[in-house]
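A.B. asks: Given the structure of chain P, go ahead and fit chain B with the ligands onto it with the hints provided.
Chains as they are written, first to last, in the working numbering: chain P, 2 to 885; chain B, 2 to 885.
Just so you know, these hints were derived from the structure itself, not from any lab.
The reader is advised that the hints may include incorrect statements.
In this list, chains with the same sequence are indistinguishable; a pair is considered to hold if it fits within one copy or across any two.
[To be verified] Pairs of lysine-lysine, DSSO-like flavour, derived with a Cα cap of 30 Å: (1) K732 with K59; (2) K769 with K827; (3) K189 with K67; (4) K356 with K437; (5) K827 with K860; (6) K159 with K400; (7) K769 with K860; (8) K860 with K333; (9) K804 with K189; (10) K841 with K400; (11) K602 with K804; (12) K806 with K732; (13) K769 with K732; (14) K744 with K400; (15) K806 with K602; (16) K301 with K165; (17) K84 with K72; (18) K806 with K737; (19) K59 with K744; (20) K356 with K653; (21) K189 with K126.
Number of protein chains: 2
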Amino acid sequence: MVQWVYNFGAGAADGRAEMKNLLGGKGANLAEMASIGLPVPPGFTLTTEVCTRFYEDKCTYPAELKGQVAKALALVEERSGQKFGDATNPLLVSVRSGARASMPGMMDTVLNLGLNDQTVAALAKRSGDRRFAYDSYRRFVQMYSDVVLGIELSHFEKLLERAKQRRGVKQDHELVVEDLEKLVMDYKARVHVEIGMDFPEDPHEQLWGAIGAVFNSWMNQRAKTYRQLHDIPEAWGTAVNVQAMVFGNMGSDCATGVAFTRNPSNGTNDFYGEFLVNAQGEDVVAGIRTPQELTIQARKSHGSDLPSLEEVMPNIFRELCTVRQQLETHYKDMQDIEFTIQQNKLYMLQTRTGKRTAHAALQIAVDMANEGLISKSQALMRLKPELIDQLLHPTLDPKAKKQVIAKGLPASPGAAAGKVVFSADEAVRRAKDGEKVLLVRIETSPDDIHGLHAAEGVLTTRGGMTSHAAVVARGMGRPCVAGAGAVQVDYAAARLSVGSVAVQEGQILTIDGVTGEVILGEVPTVPPQMSGAFGTIMAWADEYRTLQVRANAETPNDARQAKEFGAQGIGLVRTEHMFFDGGRIIAMRRMILAADEADRKAALEELLTMQREDITELFRIMDGRPVTVRLLDPPLHEFIPHTEAEMAQVAKAAGVPLNRVRRRATELQEANPMLGHRGCRLAITYPEICEMQARAIFEAAAAVGRAGGAVPVAEVMVPLVATLQELSILKEVVEKTAAAVQKEQGMNFTYRVGTMIELPRACLQAGKLAEQAEFFSFGTNDLTQTTYGMSRDDAGAFLPEYKAKGIVEQDPFVSLDQEGVGELIKVAVERGRTARNGMKMGICGEHGGDPASIEFCNKVGLDYVSCSPFRVPVARLAAAQAAL
Amino acid sequence: MVQWVYNFGAGAADGRAEMKNLLGGKGANLAEMASIGLPVPPGFTLTTEVCTRFYEDKCTYPAELKGQVAKALALVEERSGQKFGDATNPLLVSVRSGARASMPGMMDTVLNLGLNDQTVAALAKRSGDRRFAYDSYRRFVQMYSDVVLGIELSHFEKLLERAKQRRGVKQDHELVVEDLEKLVMDYKARVHVEIGMDFPEDPHEQLWGAIGAVFNSWMNQRAKTYRQLHDIPEAWGTAVNVQAMVFGNMGSDCATGVAFTRNPSNGTNDFYGEFLVNAQGEDVVAGIRTPQELTIQARKSHGSDLPSLEEVMPNIFRELCTVRQQLETHYKDMQDIEFTIQQNKLYMLQTRTGKRTAHAALQIAVDMANEGLISKSQALMRLKPELIDQLLHPTLDPKAKKQVIAKGLPASPGAAAGKVVFSADEAVRRAKDGEKVLLVRIETSPDDIHGLHAAEGVLTTRGGMTSHAAVVARGMGRPCVAGAGAVQVDYAAARLSVGSVAVQEGQILTIDGVTGEVILGEVPTVPPQMSGAFGTIMAWADEYRTLQVRANAETPNDARQAKEFGAQGIGLVRTEHMFFDGGRIIAMRRMILAADEADRKAALEELLTMQREDITELFRIMDGRPVTVRLLDPPLHEFIPHTEAEMAQVAKAAGVPLNRVRRRATELQEANPMLGHRGCRLAITYPEICEMQARAIFEAAAAVGRAGGAVPVAEVMVPLVATLQELSILKEVVEKTAAAVQKEQGMNFTYRVGTMIELPRACLQAGKLAEQAEFFSFGTNDLTQTTYGMSRDDAGAFLPEYKAKGIVEQDPFVSLDQEGVGELIKVAVERGRTARNGMKMGICGEHGGDPASIEFCNKVGLDYVSCSPFRVPVARLAAAQAAL
Ligand SMILES: [Mg+2]
Ligand SMILES: [Mg+2]
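So here's chain P without its partners, still in its complex pose:
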């Protein structure tokens, strides 16, 4: 026979903490606490399987359930020494939902169940507090009517209001017992009017009504929406916990409280919590009375003039301290607990892993490892890598009020506030004047890089987690909210609007890159805090991980930042980014617009100088660590603007006729630029560009070497290779250039020529490519686009719906599609290493900073991941977790 009901209480339990799937989080932890001897009021749990069966069988219960509940109830009666519905010593119970994952406030709860006109009298007598009894009764009738009978609360509120008017008082607690007695009668009369039936007096009827209501609440709209938002499958179902009531509001020897076993804000090993004497749990939450601290120390440090629990109930406090110790020893993690003191007796009502700030999470993990409670590797495994990311950026002050006007994708972490500007140029202009600006664009392009640099953060109304703005912002460590579709941007009017809210250029907005929120006005931020725990965790991570971590970086700032964060090299220098700045783009455009070979050569000569300087600086900063420089990748039209006015400017700046700019722009236009004339295809058709870049790299290596610096291992990377011949042709160009530079400079340096693997064909041909390639770097952005046939710039139109419908679990541009793209990577790794033993392989797509993807990279045997500088610490931790 299936066990549908699990008992707990009196130092024993049928369930365990590990049985969350069956008993829900609350039920499993109640069972666990009971079984380790903590004072838990007795009760039982109807499993989540009852819920699933309930919905499978058209809202009917398994046949055996009734009998099992009856038996369990009898056991509660026995353990509590009370009897359900008894006229002298009645057992009252709470009925609460409890799903696998916490869904706070989403489902229904009924308290004080078992009260009726008979049992209320007994409660009054036994508590010696008639008012308490009738207040409990009144609350029960109201709650039950709402939750189980579906009667609108306003009816009862009106009656309560009238009672207070009659009595001439303002507050509920000023009502006297007679008022409450009458109210109960009024409530019940109202119930009869509303549903044409009497309020159920039979406690068993009450119980089954409440159980049914909780199961039904699994499918209410609130719960459905919450599950959708939090990716909780409907099939999980909820458990129902029926538990003997205990009361913190039976007098001055009663209390109720919540606590964290350590400080959830900064992680210190202090007992941290609040309580209220003679109160119910909801009173603590309601905030009408000021709660008291648990410890003397906390009372003092908060300057509270209310006595602490340590002072008011020293015995109970000591007992609670023991419980705290027991729980941490048992769960080996910081706990968030709820307790009630009824007539000088402590009851534990809940324990669960405590939520904490990123900062506290690190501190607690390090402390617990140092205390010997957990091992170092457990400490590492326990930390979500994303926490690390939060630590590196300013965050919104959690206490600040905020008026959220829109929500986009949390594209780059951190919070930023600034005056809204709508163009990169304006951003630069204002930033020079010392203003803090927030760049708002429909979408960004490489043309906007200087604006992104100048801004505190960026907000776009179109594009996904890997849109241009998102990628660049993450790379720079700038907060970014992307694809906030509700925001309408009117460039001409220099204004944005969301519904009726309009924001003019110069007005202030705040964005939160962790939540995706767009907030009106300035919200104070908290600067990033990097404690000693951060360094400790990073050091431990480095002990365990086998994957190397590099960074994607082009600018000296990024490279320095990456090194500071522990990057072991640069895995991707996107050389094209070096051509967007001021004078550079002019030279670049002159090269593209060159009328003839001579013209082109002259422009290339200029670019060579700049590129060499840039790369020299990177080599110098990276100080002997490997640096992988990728040849020019984007299609040339990205460097040429398309509006008439901009083209006229370009023509003037580059000193060529406007007509040529127009013609060239038309020539270069592409239907699908992502699949166009780019990557190594450019180097094949313009070998002089490849030669110039190779020369810049090698001359830079020579310069650094000659200046006495650690000579870098230059890795020249050919992008978008599909066939061996492409690679062979370009490798020859690079090798010839290297030989020439070595001869000219009279010095030797080590270099490698490798390729990005970013097309399905390259994965399949990896065996052949490995004949020529000395390393592989997986470009998983392009590889995802081509494997899925999905442009990351355009996927915004359908990906959200794809996620909602469960077609994809994760945005494949954020977390590697292991089944599809992953299989191609595995094939490429195998074939590449078969052809070239021990070949070095890494990943330099956006996925290089995603923990799940890093785990995959570790599993398939890559040597390194490369990610944006601000993701390096995240990657170090994720790499350690992957290795553990």
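C.D. replies: For chain B with the ligands alone, kept in the frame of chain P given last:
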């Protein structure tokens, strides 16, 4: 010791016809003819390996060569009974190149070698014709000086001119022997002036000079260019043939001629050729004298008043007829031969497989099989499938003169002439007035379909073999030249220009879709001829092939055409094409621009009616054969224009505000439409479209069934699937709709739901997809684009260079990339069939009509190929060849 020299002659030979790689085509066939006893003047061949070694060893010969040549020369002397350089009976030789593949006129030849002041006298004496001897000598000096010594021919032409002036005559043959004797002296004097040395008198020196010149000519610019154009590898090298001279110009018992063993124009089994009495081979080609027919029958049928060879030299004619018989029996194919008659003796100088028209090729293959000369399967194997294509379209009259002004890609076969128009609307307007028009566009889009229909052919200046214009034109059987980059189109001025040639709208151009030529003015065309041989070949092909052949078709015309050509079903109905016509696009736009659900539903209702009618008609025409209907595939923005004027029109036609059109156009805009919101992604986000289409298909099936027609097997195909979930969701929509229609109509019909496999991920996931998909159809256009990361619309910018540099052998959009895309297909076939035993699979990309790709499809076990109607016969033959 390596054999560098191969002898032939006197009924024996070292070589054989199969040794073309080593001996070149000419040498191998001379050897073959000699060995089967045909009268070949003796000679020897220096192998192609000599050439390769020559270039590897810095233009020096293998050490053993000299000795081997000396020995071979001695054998020729023995066989001819003459002696090289002998003062009384001198041996004269020709020295000719002979590569593996024919390279007519590209390399050098020297005739009459061995003549000098002594041997010329002997020649005069033995021939009894002093003038003949000195004319031969003069020609030799001139030819040798040009070819071997590198002296400009103009020098000799001036001297010849002066000689004629002196004699007061106009023609060369009016010079008398004294003039010629003097000319030889003048020529030699000139040689001394030019090179500072005497003309070589030593025949051995002459011989080595000529051999060296031929080898050197392998690398001359003409030859290099030719090889590039014809994909002939440089590494092949050329052979050199040295052969005893025979003279057709030694008197009236001499002659020279060329012949085909069958009629190369229509294939009839007639001996077909021409000859000239007392002439040299070059005289036949020069066309100064009118050649005579070989047979009496030919003389009569051409109405010639010159006697035939049959009449002039009946014995020789009989001998030649025997040779003809021998050659066909031996080679089992029609031969193109050259012969010379010297003093009543027949010599065979060349035989090779004769070039023939497509028409003749079929006739000859059928006849030879019927004659028992070859088997049916040999007949099939011998025919290039492309020949079939030529038969189905008008071709340019081969005799017509043409002024080619540009060349593009031969994108759709056939020739077409018409008045140039630059817009689809203009094409339709003029076509309605009965004018023949040629549509000229930079590129075409689905918007231009009506123009393509109205035009005789289409010329584009951008795009490749699988650009929109090319695909649509092939589908319609319209000739198309695509990507003619030299043609500049100025829409505003309604003019195109190529260099200084300008063509105004309304002027006439001709295009040849087989050669890619663009020709000024109208060139007469020859209508397609479909002889009985065509039917026979098709019937034989059907006997052997195992692959089924279907067609891609949307219109009734295409479907009828396809059925006529033997299509066994429709493999791809691109439903979107049905939405571009007149009223349909308006409804389609109304659907896209719908303000709300109701609006959209109304528009869909309209589309349903149209779609149902269209599909009903297709089902009716295909008469029970399977029809695969693909759900809407292109992104919605393809249906909405982008210029203001057009948008205003659309707004008016669809009855919506212009602003909404503008906004929707912006919303729908995509960075990479090929990777955008299209294919099944549309059906996922707009399930109502999918439902409408499924309903149209099933209601059509019901209608045809109810009308008593053969009920079709409707195959519903979901495009661009990447995950199983996409397919599952849409299959459910289709199945629900099918069930509904069956219930409404009270009848059952068979249908299948399958998917296109056109993304790398789909190939990898084929095992999963096969759980739901009842058939697979490989969409190799998209699969090639994504596997290669290459847009077929943009590849024109680099693919030509890729081909030139040998990076790709074939445009992968024309012939399937078997290594890359092919591997994915293989994986998908395996995984699909493992999951679903015997699953039906086909291909419906452009590659379905490409013979090499068809062979691949056969090999990997597909069940059918589907191609444009006009490719169906080609595919039937190719499928048979694949099976053989
Ligand atoms: Mg890439
Ligand atoms: Mg497709």
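A.B. asks: Now tell me if each hint is right for this structure.
C.D. replies: Going through the hints against the structure:
Within a single copy, K732 and K59 get their C-alpha atoms only as close as 68 Å, which misses the 30 Å cut-off; across copies the closest is 26 Å, which meets it. Both within a single protomer and between protomers do K769 and K827 lie at most 30 Å apart by alpha-carbon distance, with minima of 15 Å and 19 Å respectively. Taking identical chains as interchangeable, the C-alpha atoms of K189 and K67 lie at most 30 Å apart only when both belong to the same chain, with a minimum of 28 Å there against 125 Å between chains. Taking CA atoms no more than 30 Å apart as the test, K356 paired with K437 passes in neither setting, with 33 Å inside one copy and 78 Å between copies.
For the identical chains of this complex, K827 and K860 are neighbours both inside a copy (10 Å) and across copies (27 Å), given an alpha-carbon limit of 30 Å. In this homomeric assembly, K159 and K400 never come within 30 Å of each other (Cα to Cα): the closest approach is 34 Å inside a single copy and 104 Å across copies. Taking the shortest Cα distances, K769 and K860 sit within 30 Å of each other both inside one copy (23 Å) and across copies (23 Å). For the identical chains of this complex, K860 and K333 are intra-copy neighbours only, at 28 Å inside a copy versus 62 Å across copies, given an alpha-carbon limit of 30 Å.
Proximity of K804 and K189 under a CA criterion of 30 Å is satisfied in neither setting, with 47 Å inside one chain copy and 89 Å between copies. For the identical chains of this complex, K841 and K400 are neighbours neither inside a copy (48 Å) nor across copies (63 Å), given an alpha-carbon limit of 30 Å. For a Cα distance limit of 30 Å, the shortest separation of K602 from K804 across copies, 26 Å, qualifies, whereas the shortest one inside one copy, 50 Å, does not. For a Cα distance limit of 30 Å, the shortest separation of K806 from K732 across copies, 15 Å, qualifies, whereas the shortest one inside one copy, 46 Å, does not.
In this homomeric assembly, K769 and K732 come within 30 Å of each other (Cα to Cα) only inside a single copy, at 14 Å, whereas the closest approach across copies is 40 Å. For the homomeric pair K744 and K400, neither the shortest alpha-carbon distance inside one copy (65 Å) nor that between copies (62 Å) is at most 30 Å. With identical chains, the CA atoms of K806 and K602 are at most 30 Å apart between copies only, with a shortest distance of 23 Å across copies and 54 Å within one. Taking the closest pair of Cα atoms, K301 and K165 never come within 30 Å of each other, the shortest separation being 39 Å inside a single copy and 129 Å across copies.
When the C-alpha separation of K84 and K72 is checked against a cutoff of 30 Å, the pair qualifies only within one copy, where the shortest distance is 13 Å, while the shortest distance between copies is 126 Å. Taking CA atoms no more than 30 Å apart as the test, K806 paired with K737 passes between copies only; the shortest distance there is 18 Å, against 54 Å inside one copy. Only between protomers do K59 and K744 lie at most 30 Å apart by alpha-carbon distance; the minimum there is 27 Å, versus 83 Å within a single protomer. Within a single copy, K356 and K653 get their C-alpha atoms no closer than 59 Å, and across copies no closer than 59 Å, so neither meets the 30 Å cut-off.
In the homo-oligomer, the alpha carbons of K189 and K126 lie at most 30 Å apart inside one protomer (23 Å), although the nearest pairing across protomers, at 145 Å, exceeds that limit.
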